Amino acid sequence: MHRSSEVKHLASDFNTRACECFGQPPVQPFESHCPVLTDRTVRVQLKVLKVKDGSVFFIRVKPDRTGVVTDGVKHSMNPFCEIAVEEAVKLKEKKLVKEVVAVSCGPQQVQETIRTALAMGADRGIHVEVSGKDYETLGPLQVSKIFAALAKKEQADLIILGKQAIDDDCNQTGQMTAALLDWPQGTFASEVTLEADKLKVVREIDGGLETIKINLPAVVTADLRLNTPRYATLPNIMKAKKKKITNVKPADLGVDVSSRLEVLKVDEPPQRQSGVKVETVHDLVEKLKEAGRI
Amino acid sequence: MVVGHGVRCLSQLAELPELHQMMRQTCRDYAQKELAPIAAQLDKDHRFPAKQVQELGAMGVMAVEVPESLGGAGMDYLAYCLAVEELSRGCASTGVIVSVNNSLYLGPILKFGTEEQKKQWITPFTTGEKVGCFALSEPGNGSDAGAASTLAQREGDEWVLNGTKAWITNCWDASATVVFATTDKSLKHKGISAFLVPMPHPGLSLGKKEDKLGIRASSTANIILEDCRIPLGNMLGERGMGFKIAMRFSIPQQTLDSGRLGIAAQALGIAQAALDCAADYAHKRTAFGAPIGKLQAIQFKLADMALATESARLLTWRAAMLRDAKKPFTKEAAMAKLAASEAATFVSHQAIQVLGGMGYVTDMPAERHYRDARITEIYEGTSEIQRLVIANNILKEYQQ
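Protein sequence lines, in the order shown, are assigned to chains A and B. Under the working numbering, the first residue of the first sequence carries the number 1, and numbering increases by one thereafter. Under the working numbering, the first residue of the second sequence carries the number 1, and numbering increases by one thereafter.
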């Protein structure tokens, strides 16, 4: 679903490291953001987002037009984050990383999402508690600050995130996190290989595939073709129950989660107009001329 | 492992423990993505879903209750019922394949096998590489299991089996079977013993695959035993214990009671799938200017369908919880199986009605659910037998 929104920049004191040209700001992020941090010896921190389930069809704009209705809507892990978790677990299975930490920012419910990541193979979880109004206005910038703070605290070497959340499609958190930490980034990754102390990342870009080599520590964002996430096995679900999830508040990390963005309005896309069938190419050209298109 | 272990209260029926919710979700995801899209084709081709069975094995679903030390998932019976329901919602044939392997094959060996037998006959059957089957019924007796005429004679250090078993699910795809044979017909049901036979094996052959109305991706056929020789060590449990192993008599938690709940779960999955289909159609199909879901006739049907399914589900969960708490559960298991199987046939019948003409063609899954549902009232104890079991238990409760 596309949402159009107008945004006013309320403050200009952006962190100078963060890029300012973000275009459309996020509208009502519903996800909890988790970065995946990985250590060389590796602690991988995963970003685990809880978004509205991709198979939910009936999304409605709230009457006050500040966002969409989330009550009673099924939420699940952001698909790109699932891919990120899978990649981190794979690295661990290859014994290239030591520990995988799954992080999620949001209210109590995100613990479920963290447990899913644990059931897929992450070692432990961190729940950054953000709820209520703060959660409604939580956007990539605040999340990136949280991740950057956690990365330093946990001494992570690699952060893997999903490239974007499927509810707001911002595609900003990974990039901002890298900038805040002054780490290299490999975004839209379709292949990740650890070579000595460098990371080889194949990126899916408009022009094709770009292969880059970046130093660790680094930030990677997962694209669709990076891997196929595994189903949690029953024994792993059982093990997940015993794995630890620590709770942390943004204030503990020295992060201010207040938003510098104000959503002015959220609208449904305009109703699709029906088209007109024409018989010949000549008619088509005439019609296009009539409509002022050519 | 499960909240409230030992003391299962009814409030747990309302909200499953987190562990169970997670595993239910993973099975649901798998069924939606991997089973539902191929179920129609599997049915058409009568094809055993070997790849999916292996994947399910890797997930631990082929041996839910088997302890981890033997290669299983080490979860409880409630978890198993949830798994079978979710898988059956995607593909009923896959549901029964999983159920037979768990309840009817692994179940008795886990309960009555020696340590040696467990290692040999359980561990290889937890991964999805191999599946097992259960050979009790014969051409001459189904409900009347005590009248088994398959013979087992001791010759030196071997048992020699002779006879024919009928209606054996999974047999064309199985690598082992639990066979029930009598060592002394005069002892009637007390003469029956259980034996473990590998497949293929000299003296064991398979009849033609039955061409069934439903659950066509699972194979069903006769097993013919002609001087089938097995080592003495292949007897499961003690001599004469066969009937107890198969049924439930004075010892609680026997095989068919447990198998009963597996089938109840399968029936629930079919009912739910049929309900999903009908409810979805009611939203989309318009007649007389509005979606048919606005018509009371359809609404009443959907309500009855949901009620039947949900009631049967709660009966199934309760019976499973009783079993996990090691309490007697025979009456409850019979009630669950009866309710769930009758719900499956009722719901799938009504689903076709809601879909109208579309319910009658293979373009929509309603007709397959209707065909798949029918067997649930027959196997693993016909509805009539379930009623006898329930009645017997009730009369015992009221005995002076």
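What the hints contain is simulated information worked out from the structure, not anything from laboratory work. Check before you lean on any hint, since a few could be wrong.
[As the list claims (entries may be wrong)] When the alpha-carbon atoms are kept at most 30 angstroms apart in a straight line, the in silico DSBU-like pairs for lysine-lysine are as follows:
1. A:LYS92 / B:LYS33
2. A:LYS239 / B:LYS51
3. B:LYS208 / A:LYS213
4. A:LYS92 / B:LYS331
5. A:LYS153 / A:LYS249
6. A:LYS241 / B:LYS294
7. A:LYS243 / B:LYS294
8. B:LYS294 / A:LYS239
9. B:LYS51 / A:LYS90
10. A:LYS62 / B:LYS294
11. A:LYS198 / B:LYS294
12. B:LYS119 / A:LYS289
These numbers come from a predicted model, not from an experiment.
Hints versus structure:
Distance restraint check for LYS92 (chain A) and LYS33 (chain B): the Cα-Cα separation of roughly 26 angstroms lies within the 30 angstroms cut-off, and the hinted pair is therefore satisfied. Pair hint LYS239 (chain A) plus LYS51 (chain B) holds up; C-alpha atoms about 26 angstroms apart against a cutoff of 30 angstroms. Pair hint LYS208 (chain B) plus LYS213 (chain A) does not hold up; C-alpha atoms about 61 angstroms apart against a cutoff of 30 angstroms. As the CA atoms of LYS92 (chain A) and LYS331 (chain B) are separated by approximately 49 angstroms, the hinted pair breaks the 30 angstroms bound.
With a C-alpha separation of about 13 angstroms, the suggested pairing of LYS153 (chain A) with LYS249 (chain A) holds against the 30 angstroms cut-off. Our distance criterion of 30 angstroms between C-alpha atoms is broken by LYS241 (chain A) and LYS294 (chain B), whose separation comes to about 44 angstroms. With a C-alpha separation of about 48 angstroms, the suggested pair LYS243 (chain A) and LYS294 (chain B) falls outside the 30 angstroms cut-off, and the hint is violated. Using a Cα cut-off of 30 angstroms, the hinted pair LYS294 (chain B) and LYS239 (chain A) is violated, with the two alpha carbons roughly 46 angstroms apart.
A C-alpha spacing of about 22 angstroms is found between LYS51 (chain B) and LYS90 (chain A), which places the hinted pair at or below 30 angstroms, so the restraint holds. Distance check on the hinted pair: LYS62 (chain A) and LYS294 (chain B) sit about 25 angstroms apart at the alpha-carbon level, within 30 angstroms; holds. With a C-alpha separation of about 62 angstroms, the suggested pair LYS198 (chain A) and LYS294 (chain B) falls outside the 30 angstroms cut-off, and the hint is violated. For the hint linking LYS119 (chain B) to LYS289 (chain A), the alpha-carbon distance of about 80 angstroms lies beyond 30 angstroms, and the restraint is violated.
In summary, the numbered hints that this structure violates are 3, 4, 6, 7, 8, 11, 12.
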